[in-house]
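Just so you know, the first sequence maps onto residues 105 to 673 in the working numbering.
Note that these hints are calculated values from the structure, not bench results. Among these hints, one or two may not hold up.
To be verified - The calculated EDC-like cross-link candidates involving lysine to aspartate or glutamate, where the alpha carbons are at most 16 angstroms apart (straight line), are: (1) Lys-664 x Glu-597; (2) Lys-512 x Glu-320; (3) Lys-119 x Glu-600; (4) Lys-648 x Glu-600; (5) Lys-449 x Asp-407.
For clarity, every value in this text was computed on a predicted model and none was experimentally measured.
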Amino acid sequence: MKFMRQSRLFGKTSKTVSKELKAISHKYLHQGGFIRESTAGRYYFLPLGIRVRDKVAKIIEEEMDRAGAQKMITPALHPLELWKETNRTDTAGFELMTLEDRRGSSFALGGTAEEMIVDLVRGYNISYKDLPFNIYQFSSKFRDELRARGGLLRAREFVMKDGYSFHANEECFKKEYQSMWDTYTRIFERLGMKSYAVEADNGYIGGEYCHEFVVECEAGESVFFVSEDEEYIAHEDVAKFKREDVNSEEEIKNLEIIEQPEWVKTMEDVQKHYKLPASRFLKNVVYKNRISEEIIIATIRGDLEVNKTKLEQVLDMVGMLEDATEKDLAFIGTKTGYVHSWGHKNCTYIADLSLRTVKNFIGGQKEEKTDSINVNYGRDFEHEIIADIAMAKNGFLTEDGKQKLEEKRGVEVGNIFQLGKHYSSRMNATFVDAEGKENQYYMGCYGIGLGRNVATVVEKHHDEKGIIWPSQIAPFKVHLIGIPGRDGSARKEIDEFYKELQEKGIEVLYDDRDINPGEKFADADLIGCPYRIVISPKTIEQGKVEFKKRAEKDAQIIEKESLFEMLLK
RNA sequence: CGGGGCGUGGUGUAACGGUAGCACGAGCGCUUUGGGAGCGUUUAGCCCGAGUUCGAUUCUCGGCGCCCCGACCA
């Protein structure tokens, strides 16, 4: 539908909004009559909202098609056995939603569709001649998020475009990865947003590398780091950085156990007590593998934080680590504040690279009244594993030490994953190669959440009065405001003008409601169509129309002809 | 799952151990008509359950739901 009388439109605007809605996109989309809450994280898309979302989907579809991908659709209920094949009933980071049918068959409500697609593909006799291909769908995804937030920014049910590509080998995959990279960049550009392709962690999806496309904005949850030349862009989960030497000029001293007052307990206390910066202390962070129950002690320089994602990757325990409890500490014979950097039994030690940057550490083996000083990594203790398991921070240097890293925050509007043979090997999905041998597929997958993109556009394009939609995804191109005048005499001309816009094929929302002009203007600003046209006795008298861009402050009175010319351009 | 806040007409809110008030909205009438207008009138509400009490919307407990922070995740 290209036109609509506002008096007939389902879904009203509201002047007031609950102060509980904090995200600006949530607020405006609710107030403007685009969405309505059902339960936490599940939303109705009202006529205005679905128009926008459909336009976003259309842009995505156009670009996916242009890249040679093919649209299809999978069922929403996935046989649970498939998820078991890849072990994702255990590792899926979101709580998988499951249900049974009357026969007792178990299903997962699809949260992502790798298993389904691989199951589909492996059911065919596919040869290398059929490869590569990229198949995608738009479908509702169900994720039992621990916490939904920010309206459409993180929902429990949302429509996602997810694509899956199948290849004979890595080289072929890499071309597709690049193609999807370019496709995504174009999509977000067309949606009116600048995106960063951010190196990220694959998480429960699997595979070895991936990129998040992130649009910078305050409401976002993705924290990432950008080098000055923007060559290095990485999510905080994976961001690498240089650990600078803390005190390389210092002489190495002998290890000593010294007395320490009992009030010295926390990191803050020791800094106060020794009057030294945090970087001079050893810090131990304890985790437990929730599946194997193994206790992990990560030792790190006191000024750094342990990066759990990196840690899980290094230990090959993706999605399995949780904070150790007091009970877990008791299991290895200690308690909070008294975890040693060496010597505990029944646990695995791992060191961060930063331990090599400090001479004469303080701490590492703290008892009730004593602590160790002049501890040197490599001399006094050494862990089996030493790796990069630290969080980067704003202002840290890139790995080569040449540039500063700037911390940014944004919304992850899409992602592309290298999956490699993660799924094809676990699910034994093969094709026949040129030599007639069975070979596992090399795969990638590519996702974009529609609602989240709608919300992100609002986060980026609004002012204090409401939304300012980019023309290409606005619910309507033109918001026609009729002011019939005191005696209603202009009504006829306004209706005629409305008809004229329709005949010319211009998308228009016509505010024909019998309310005050001020209310119409306020709603137009809130709804945010890119062009506002006002017809009133005043404009009719001049034989012209009033025209205003939502993004601009002032209106202009122009000839109808030049208006049409501009709108049809 | 941990911490905090909250649950009153469609929306936003107030008060109170005993009668639930206001504003917006919606309906009707009149007026008004270029930035959420006015007057009158009508409409509509205490999340659920248990307990304490003569009496609970109010106090207590439990449940459910919502928002925010964290954990988690994309």
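Now the hints, each set against the structure:
no.: 1; hint: Lys-664 x Glu-597; in the structure: holds, 13 angstroms
no.: 2; hint: Lys-512 x Glu-320; in the structure: holds, 7 angstroms
no.: 3; hint: Lys-119 x Glu-600; in the structure: violated, 30 angstroms
no.: 4; hint: Lys-648 x Glu-600; in the structure: holds, 14 angstroms
no.: 5; hint: Lys-449 x Asp-407; in the structure: violated, 26 angstroms
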